[in-house]
Structures are given as structure tokens and as C-alpha cells.
Amino acid sequence: DQQVKQNSPSLSVQEGRISILNCDYTNSMFDYFLWYKKYPAEGPTFLISISSIKDKNEDGRFTVFLNKSAKHLSLHIVPSQPGDSAVYFCAAAYSNYQLIWGAGTKLIIKP
Amino acid sequence: DAGVIQSPRHEVTEMGQEVTLRCKPISGHNSLFWYRQTMMRGLELLIYFNNNVPIDDSGMPEDRFSAKMPNASFSTLKIQPSEPRDSAVYFCASRTGPAEKLFFGSGTQLSVL
Numbered sequence: 001d002q003q004v005k006q007n008s009p010s011l012s013v014q015e016g017r018i019s020i021l022n023c024d025y026t027n028s029m030f031d032y033f034l035w036y037k038k039y040p041a042e043g044p045t046f047l048i049s050i051s052s053i054k055d056k057n058e059d060g061r062f063t064v065f066l067n068k069s070a071k072h073l074s075l076h077i078v079p080s081q082p083g084d085s086a087v088y089f090c091a092a093a094y095s096n097y098q099l100i101w102g103a104g105t106k107l108i109i110k111p
Numbered sequence: 001d002a003g004v005i006q007s008p009r010h011e012v013t014e015m016g017q018e019v020t021l022r023c024k025p026i027s028g029h030n031s032l033f034w035y036r037q038t039m040m041r042g043l044e045l046l047i048y049f050n051n052n053v054p055i056d057d058s059g060m061p062e063d064r065f066s067a068k069m070p071n072a073s074f075s076t077l078k079i080q081p082s083e084p085r086d087s088a089v090y091f092c093a094s095r096t097g098p099a100e101k102l103f104f105g106s107g108t109q110l111s112v113l
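Those protein sequence lines, which keep their order, are chains A and Y.
Taking the working numbering, the leading residue of the first sequence gets 1, the next gets one more, and so forth.
Taking the working numbering, the leading residue of the second sequence gets 1, the next gets one more, and so forth.
Hints are computed from structural coordinates only; laboratory data are not their basis.
Beta carbons are placed, not taken as given, at the ideal position from N, Cα and C, and that holds for glycine.
Some clues are possibly wrong.
To be verified - Reference listing, derived: stretches of chain A covered by chain Y, where coverage requires no fewer than 3 residues with Cβ under 8 Å from a Cβ of chain Y:
1) 40-46
2) 99-110
To be verified - Which chain A residues face chain Y? A few, computed with CB under 10 Å, are given here:
3) Tyr36
4) Ser49
5) Phe62
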């Protein structure tokens, strides 16, 4: 049973445009969500997070939106840059438990 | 800080051999995680330590897998005997506490022939 789903295995976006990566979850107990970015041959690195008491968190070009009623979160990257090409993982957690990970979305930024 | 350090970066071994993966977490981090990443199953949690104590090992595939954390600065993941289906990238990660971000090592690429 996948509690965190990233339904798009890959996404291709033109440089300079907006990239939108989506993540759906099923467990309403999740209270903390994170996005990680992973380059080939490297470990995932933290990108941005959001608590369930918020519906938006922004950090530079990266914004995460949380829609609790729809159990949906999204990561917006504006403007997209070639260095943003990577695999993006969505993760969710509740209480003190470990993170539950999505399968990842491969983002390709076209020059 | 050097970050989470894993060794070796690559390991190629033959079926039936023992494999030991090593991890040094970031100093001051009291939680350590071992993950396995495969194309089929994505990122799977194998085991989670808090203050050197295994808290959740439900992700360990079978008895061939074992993990230890003898002190706050070192952990090992051992596979004995190894099988071709164990081929994957194994990540170690650490953090200071719940709801804090995880810091990952660069991973160990394991190939079992």
C-alpha cells in the first residue's frame, strides 16, 4: 500500500519555465512533508519542507504548496534552470516516525 | 562538517560472499537510517537507529541482513550470504531528531554477481 505517491515518473520542462511536481498521500495523520533532490551517483539532498499547519512555504525559486483536504502537495520551481535536472522525491512523516517516501519524479530541464 | 560518510562507494562481489557496508553519521546526530534504492522498489527503509538502539528493523529483507551501531559515530550493514537480488544502492542517513531533515551519504553501489 503506497501511502505517498508520485504518479509522474518523469517530467520535461523548458528552461526558464515553471516546473510543477506533484505528490499525493493517503494517510491524514501525516503532519510534515519534505522534498528531496537527487543527482546521479549522489545521495538525496534536502530541498524544502512544510508543516501541516501551513499551506505554503517558499525558499527562493522553490515553493511547496499543501492542500490537506485533497491530500496533495506540489513543488513549484520558478524559473527552471538546467541544474534543476534531477530526481525529486516527496516524503511524509507523522509524530516521531520515519519518513514515508514517494517513488520519485525525474525532472529534465531542456535548454 | 564532512557530512555522512559511507564506504565503500562501490562493491562488486560474488554470490555467497559476505558484504559489509559502513557508515559514519554526522557528529551530533542521534538518529541513523539505512535505506536501499532499486529501480523496482524505489527508496526502502531497512532499519532505523535512535541513540545507537535499533528502533525499527521491519524493513530488513531477511535474516541474511544485519545492522549494528556500536557507538554514535559508526554503523555497519552486513549481508551474509549475499545474493544477486541484493544488488542495489545502499544509503545511510542521519538527523538530529524527529521532524528534522535527513542528511544522506553518497551511497554504496553493490553488485552481487
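Evaluated hints:
For the region 40-46 of chain A, the proposed coverage by chain Y is satisfied: 6 residues have a C-beta within less than 8 Å of a C-beta in that chain, meeting the threshold of three. With 5 residues having a beta carbon nearer than 8 Å to a beta carbon of chain Y, the region 99-110 of chain A meets the requirement of three or more and the stated coverage holds. This hint holds: Tyr36(A) has a C-beta 8 Å from the nearest C-beta of chain Y, less than the 10 Å allowed. A least Cβ separation of about 7 Å between Ser49(A) and chain Y falls short of the 10 Å threshold, and the interface hint therefore holds.
Annotation: Phe62(A) was flagged as interfacial toward chain Y, and the flag is violated, the nearest CB pair being 14 Å apart, outside 10 Å.
When the structure is compared with the earlier hints, a violation turns up for hint 5 alone.
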